[in-house]
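Residue numbers (this note's numbering), protein chains in the order written: chain U, 42 to 680; chain F, 42 to 680.
For the record, the hints were derived by calculation from the structure and aren't laboratory data.
Just so you know, not all the hints are guaranteed correct.
If several chains are the same, the list does not tell them apart, and a pair holds so long as it fits within one copy or across any two.
Claimed, not checked - Subject to a maximum C-alpha distance of 27 Å in a straight line, what follows is the list of computed DSS-like cross-link-like pairs (lysine-lysine):
id, residue 1, residue 2
1, K432, K274
2, K194, K600
3, K612, K498
4, K196, K536
5, K653, K130
6, K85, K427
7, K98, K527
8, K274, K536
9, K543, K465
10, K274, K500
11, K94, K427
There are 2 protein chains.
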Amino acid sequence: MGETTLYRMRPLSLKRSRITGGFWAERMEVNRKATLPIEYEQCKKTGRIDAWKLEWKPGQPNPPHIFWGSDSGKWIEAVAYSLAAHPDKELERLADGVIDLIEKAQQPDGYLNIHFTVVEPEKRWTNLRDCHELYGAGHLIEAAVAYYEATGKRKLLDVLCRYADHIDRTFGPNEGQKRGYCGHEEIELALVRLYYATGEKRYLDLARYFIDERGRQPHYFDIEARQRGDDPKKYRWASYDYNQSHAPVREQSTAEGHAVRAGYLYSGMASVAAETGDRELLKACQRLWKNITLRRMYIHGGIGSSRFGERFSYDYDLPNEEAYAETCAAIALVFFAHRMLQTDPDARYADVMERALYNGVISGVSLDGKQFFYDNVLAVDPPYHKFSGQKSPQRQDWFGCACCPPNLARLLASLPSYVYSQGKDGAWIHLYATGRGEFEIAGQAVAIEQRTDYPWKEKVLLTVAPEKPAVFSVALRIPGWCRGAKLAVNGKPIKASAVMKKGYAIVRREWKAGDRVELTLPMPVERIEAHPRVRHDAGRIALQRGPIVYCLEEMDNGKNLNDLVLPRRAKLRVKVNRRLFGGIPVITAKGRRRDAARWGENLYRPVSSRTKSAPIKAVPYFAWANRGLGEMLVWLRCG
Amino acid sequence: MGETTLYRMRPLSLKRSRITGGFWAERMEVNRKATLPIEYEQCKKTGRIDAWKLEWKPGQPNPPHIFWGSDSGKWIEAVAYSLAAHPDKELERLADGVIDLIEKAQQPDGYLNIHFTVVEPEKRWTNLRDCHELYGAGHLIEAAVAYYEATGKRKLLDVLCRYADHIDRTFGPNEGQKRGYCGHEEIELALVRLYYATGEKRYLDLARYFIDERGRQPHYFDIEARQRGDDPKKYRWASYDYNQSHAPVREQSTAEGHAVRAGYLYSGMASVAAETGDRELLKACQRLWKNITLRRMYIHGGIGSSRFGERFSYDYDLPNEEAYAETCAAIALVFFAHRMLQTDPDARYADVMERALYNGVISGVSLDGKQFFYDNVLAVDPPYHKFSGQKSPQRQDWFGCACCPPNLARLLASLPSYVYSQGKDGAWIHLYATGRGEFEIAGQAVAIEQRTDYPWKEKVLLTVAPEKPAVFSVALRIPGWCRGAKLAVNGKPIKASAVMKKGYAIVRREWKAGDRVELTLPMPVERIEAHPRVRHDAGRIALQRGPIVYCLEEMDNGKNLNDLVLPRRAKLRVKVNRRLFGGIPVITAKGRRRDAARWGENLYRPVSSRTKSAPIKAVPYFAWANRGLGEMLVWLRCG
């Protein structure tokens, strides 16, 4: 935290933060034991690993795709995080094997994209707009940094430094350099991480260059297209807003285009702004953040509502059955939120981060860790996708474009780094999860232990343990969904509202080893409504308890979920049944519905409105589609 | 009506039926004065007319498309109907000019498709599945029959008889013939009309052959594809249900695939069944009719909900914003309904015919007759189509695939033939419109005059005028939407329910010249609900008055139409304002909505449900999008 940066805090690294029990520990365990091995197998089976051997020859089947390298990258990154928390010889051996292949695939000048080495070598760096070369580099850089930090092994880091140096020589504003940037952002945030890992400021400068060059005129993608002999006007996506290069990034104020690209760009912008003290760039991030979270985000934290371009559409356009909400986009939103939070300690960032994590992110993977959703819809009638072009309403083993599964794996494996931040003069607690954070505060080590059954139960117990008594602050996020939080230190109540600052209860006092903080976060089931301009949610509510968004499934509620109505005064009960998802709380209520069986055969008739009582049972959204195919609905009609 | 047919009645021809005032007269006048000339201009401008000169040479731009001939055909057919009611020298001169070109384009063997004469002559009859050759022939045949009947001129009829003879030689079950049928049905119903016009039974036989051959194994489209060297499995639409050849037509019981093709096929089936006394085939028609009208039809009479394949999807799947509901498909449903009605005097057929005509058919053309909708959605948020792949929410001047505009023109011009049928022993009145029907009953001429302001006003006055007093029946349709219809003859009330048979009040008595029938069809505004399984309409109602379905437009109700609620007890008022659509009745009510301005900036929040009063104004659906771009909504939330 140099004087010139905008950082108010920094995340605790995985060496200093542990999740040892509860909700996320279970998800991380499934990730390590099921998802990571499966993803390796899929990469192996589909040729993504062996492609690094550069043995593919023209005319052979299955040519290495332009973004295959990114799959290896994200998988190695995920393994690295997992190793940081949980040594695993077999995973490490597999990762070392892939890293050896990557090292050998590097070209003498440092270049490292499989496709443009063996399939179209003459086209290297000729189509940044569409070809993901720098994107692939970014994911490999993130992998290298993570693997180095987790294992201390430098091999991949050295390889990627050489590649980054090659990129640094190739791109820039100077004579003889290409004045380009990637059509799929990612390298910007990766280069900042490489700077942190190596201390080499030129990587930070290159990240800043990529960000500031974006969208300038004359437009690089025009120039580049003409150089290829293409007409820039024939761009498949018509407008450069698809890749956020329709204007210089500092002038952008609405989130446009491909949502994953946007989220990665904004994350990179936030990191560069924070690190370089660039308040103007941070302001652009804040504008974009507001546009996303106040106008273009699903209740489950998904973003990018349109599958036509996997993109943002327009304010308040959040269709449920037609939703896209790519898993990777929700993950990118977590990245963006986490970065914004470090410069602006406002619980709104952590609220969104939590909303996405517990809902639209982990819905992307089955409870057994073996199957994946690319898109995360909020309503399903199973046959509809066959006639609407929507993706399958069942999770899949893998995808041709397999960005989401390893993205999920790396996020889940790195979750402990999202829980705490260390500020200048205290500890920040953003998420609640059983585990431990180790801080350096006031020149000494301070450990904070958490014990909680969050998000199912409302109590969080924290033990603060400085080596010796000292005055500092412990900032506890009071979630935006929570009303009436209670706080006590060593059994003595503290009026939370008196110490609240931007959503954090900041307890400043002399702490001594063994001090106990008890946080109570009441979790009644809430009926949530959406802004009146969200046309698809009008007259509907979503059920939310704590950070968990619920949904109805056909197997619990019968067919025609849209015909169910939750009366305004219907009591909502929370029930636990060990046989259902191992005892995750479900919500029940007495609803009403029309009697389809007595309706007769007419398709239309004068309204009669007669309804009958119908039980309603809602399960957490993230757990849907784990019990077979059926209807699903998040936004329930309310009476 | 031979002994072997299933006909119970026959439509009055355009020579015997006139519409002289009121709603349809106005629409027909706009059709004649604006639409028909514009369509000629568009056909001329886009090369569709001059293409008949066969002057196109390889390498030249704008090669004649496989279905261009059908546009000329439908336009000539429309002109013919228009001439039948209203001589128009200029239109007749233009039509004669096109007919001269068509005659000269005919090949020595009778063949008559422009594309396969000048662009790909070697591919004639090699791809019936995709290439619309017989479809084009069908439309030209319909044109020829209509023009002959309207003007007595035989030129086009003779040309098309030669073409039909060529087709009859080419296709069939005999040695040396192709055992094929068209991927886009149309010729089946056209051949029956050609049989009626010429008395040549082989045309009827050929129609029956095409119908019965469809879907048989070994499948002709497989055979044909292999003959072309194509893999039948690589069919773009995956399944032959797209063109209703997935099974023999007699075995089909759900309406599948491309909705226009389906509607034309079923119309052809109904005609062949009726004419040949084929009860099994008629039963298949009845099953398909039920499936469509009880499970797959929009409230505006549109069918084919999915734009992916312009097709039927599955039971009760009727999305509003994502609707397709092609104008041509609603027209095809009118054809099908009209044919079914002649064999089965049940008002349900006429009810559907009327529903489509007043709503989802004429919504396809602007009130000034100059612009057209291809699809007829039931909800619009204007920016959405840019991000959803939906078509424009504004009517267009023309389309590359221009099937809908001339289809509308021919239907509107022929409307008088849908009003009356002549039965063995009486007159049938299906639709209410000011005008006159001339029947032959009991060996004498019987004229029936109608005077009405239907569908806006509830009175219909009829004068029955036989040459001399005679006993026969006059059957008056009591629309399915109507409750409490009142009937009087010469001022003396008749209990309608006592003479009702399948939705028709059948008044059998001795009629004498000047007898007056007064029919009163009460038209309160109705709130209509959809079947509980129509998930998109749950909790919503549509406003309907008489046969007219209403909708809300943004210019009358402000933005966020989905946030408006019509309370259960809100009074619905009918108002007429001369300045709005020339005095078409609109519906007003006091609704409620949330106050978006006071909502604050959050996107989601715990429900508060506070609403404020908001006026609601609904206009006829067919009149929407005539006052600029804005939101539109048919299914309104109800409290």
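Status of the hints after comparison with the structure:
In this assembly of identical chains, the alpha carbons of K432 and K274 lie at most 27 Å apart only when taken from different copies (22 Å versus 30 Å within one copy). Within a single copy, K194 and K600 get their C-alpha atoms no closer than 55 Å, and across copies no closer than 59 Å, so neither meets the 27 Å cut-off. In this assembly of identical chains, the alpha carbons of K612 and K498 lie at most 27 Å apart only when taken from the same copy (20 Å versus 49 Å across copies). For the homomeric pair K196 and K536, neither the shortest alpha-carbon distance inside one copy (52 Å) nor that between copies (96 Å) is at most 27 Å.
Proximity of K653 to K130 under the C-alpha cut-off of 27 Å is found in neither arrangement, the shortest distances being 59 Å within a copy and 65 Å between copies. In this assembly of identical chains, K85 and K427 lie within 27 Å of each other by CA distance neither inside one copy nor across copies; the values are 31 Å within and 39 Å between. In the homo-oligomer, the alpha carbons of K98 and K527 never lie at most 27 Å apart, since the shortest distance is 66 Å inside one protomer and 84 Å across protomers. In this assembly of identical chains, K274 and K536 lie within 27 Å of each other by CA distance neither inside one copy nor across copies; the values are 61 Å within and 71 Å between.
In this assembly of identical chains, the alpha carbons of K543 and K465 lie at most 27 Å apart only when taken from the same copy (17 Å versus 85 Å across copies). Taking the closest pair of Cα atoms, K274 and K500 never come within 27 Å of each other, the shortest separation being 58 Å inside a single copy and 60 Å across copies. Taking identical chains as interchangeable, the C-alpha atoms of K94 and K427 are never at most 27 Å apart, the minima being 39 Å within one chain and 43 Å between chains.
Hints 2, 4, 5, 6, 7, 8, 10, 11, counting from the list given before, are not met by this structure.
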